[in-house]
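Peer 1: For this one, chain E is given, so just place chain G on it according to the hints.
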Amino acid sequence: MQVKTIVLAAVLSVGPSLLHAQFDFRVDNRDVQVHSFASQGFMYSNDNNYMTMPTSQGSFAMTDGGVNASVQLTDKFRVGAQEYLRDFGRMGEWHPQLDWGFADYRFRDWFGVRGGKVKTELGLFNNTQDNDSLHTFALLPQSVYPTDLRDATIAHIGGDAYGNIPIKHLGSLSYTVFVGDRRDSKFGGYSLMVQDRGITISNYGGLQYGGDLKWTTPLKGLLVGGSHLSEVVTGTGKTTCNQAKASVNCAMWTAMTNGNYEEYSKKAYSNYFFGEYTLGNLRVDSEYRRYWRDQAVWNGLWAVWSDTRGYYASAAYRISKRFELGGYYSRFTCKWVSGGIGPNGPATKPPSLDTSLPGNHIYDKVATLRFDIAKFWNIKVEGHFMDGYGTNQSPDGFYDTTNTQGYKPKTNLLLVRTGWSF
Amino acid sequence: MKNLQIFLIATVVGICAAVTASAGDIKVIANPAVGASSVSADELKGVFLATKTSLRDGSHVEPVLEKDGPVHEAFVKEYLGKTDAALQTYYRSLVFTGKGSMPKTLAADAEVVAYVAKTKGAVGYVSAGASTAGVKTLEVK
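First to last, the protein sequences are chains E and G.
The opening residue of the first sequence carries number 11 in our numbering; numbering runs sequentially from there.
The opening residue of the second sequence carries number 72 in our numbering; numbering runs sequentially from there.
Excised from the complex, chain E in its bound form (with noise of 0.2 Å):
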């Protein structure tokens, strides 16, 4: 275990008992508000590895936190900022990063804007994924949050008009709509994915538009809604071109570009539907999500495209003050095609249409124990019983390089994970 997740995991083991509210200061006659979070996660696998970590021996690399600071200038225009880092095996590799850092002026209740780096409001939980005290499970459903494509989703450079709109009799809607710049960090898990071919990747990213929709309805407790996203992404980077692992003719490639890889989006977007219900102690949440992705990869030589969708449905019950039960199974499947483009182009690869092999696939179903130690501290116990590994277009929780051994068809996992907030 590295020695910062040792250092880590005492401070944030002591922490509690000295820290156990969030920390305000004066500034100018205004209240400043400081919050922090963290999390330590302990992972084990029967037998392929999971998120780049070595699991099937047992990993405690899965380290996260973050603190932020804001403050209500007048009483419509607020700013704030966070910063996180973390340490998900490869991926994070403890670079901290701005989180989210913007100005947010509310004109009225039903129209509001925000400007900076901003947490993109898609589906249920993308915004929130980071922060394991707000979730009843350890992981969120991978099908629909996948922590390894984190960086696609997580928060745009540019700006968002919200609001809240009341409907008399029928509830309420709330809206966002956005629209900036994505740029993902060289430690994520796409950039890790192409890694494992060969390719470094130095920039990736850009414009993403799309709009959330939630609808508060006149039934008790329901809350249904809709997001959407579209992208043009490109990416830059270099490589020696393996030709083992490489879909192009690396000689003719390499004289073309000198070892200079680009990538760049010819259509790409995602579709959230969802739904939750909170009745007392119980939720239940469902969602689904297609992610189209039409890519022209190798410098214009490769096409790249992916139809993936997922699902999932869950359920928690708070049994008591402290504890928490639920569950959730969680449905992937991704269908690819890759071919050439134009007259000279390398020969199309067989379509992978059949997401009934397991390579195209997982499924995950998911049992959950939440203990609230503290108002501030929560540990949860989960097992994952996975069938299949996924697919080599998406980042999926399955690296080539550590399963080298290749992959079995099922994968049970056990993950603890601790969790502050304040």
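These aren't lab readings, by the way, just hints derived from the structure by calculation.
Fair warning: there could be bad hints in the mix.
To be verified - Pairs of lysine to aspartate or glutamate residues, derived as EDC-like cross-links and limited to a Cα-Cα distance of at most 16 Å, are as follows: (1) E:331 / G:139; (2) E:331 / G:144; (3) G:153 / G:113; (4) E:331 / G:155; (5) E:385 / G:139; (6) E:385 / G:155.
Peer 2: Only chain G this time, still in chain E's reference frame:
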């Protein structure tokens, strides 16, 4: 023996009554600068879930909560439709996405009344029997 049974039942009922409250046992109070004298249930919910920052009359408002106890639990259940755990999760989701702040939270009725009295726009709740000197009571419609 029969008297003992009656005594025990009365004691249990008394304890239960002491630790639970209903909407009828709660007063919603506001700083005197708040223009409205009444508020709809939907408006009140919006204020405490941070989707509304002003009432229909244009008064800017901000919520003040009690930390815990039967009045707090009854208010959260009856007017916000949530459990305390769910409400705390909701506020934290606003804080950790930058879309809101943790509301002021105070330990007891007297502290809530004192804070609401001195803070322009503050809206809170106390037990029906609490002294409300210096604040106004809002009728919830």
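Peer 1: Next, verify each hint and record whether it holds.
Peer 2: Against the structure, the hints:
At most 16 Å may separate the alpha-carbon atoms for a hinted pair to count; residue 331 (chain E) and residue 139 (chain G) meet this at roughly 13 Å. Straight-line distance between C-alpha atoms of residue 331 (chain E) and residue 144 (chain G) comes to about 13 Å, which keeps the hinted pair within the 16 Å bound. For the suggested pair residue 153 (chain G) and residue 113 (chain G), the alpha carbons sit about 14 Å apart, so the restraint of at most 16 Å is met. Between residue 331 (chain E) and residue 155 (chain G) the CA atoms are separated by roughly 10 Å; this keeps the pair inside 16 Å, and the hint holds.
Distance hint between residue 385 (chain E) and residue 139 (chain G) is fulfilled; the C-alpha atoms sit about 12 Å from each other, no more than 16 Å. Distance hint between residue 385 (chain E) and residue 155 (chain G) is fulfilled; the C-alpha atoms sit about 11 Å from each other, no more than 16 Å.
Going through the hint list in order, the structure satisfies each hint without exception.
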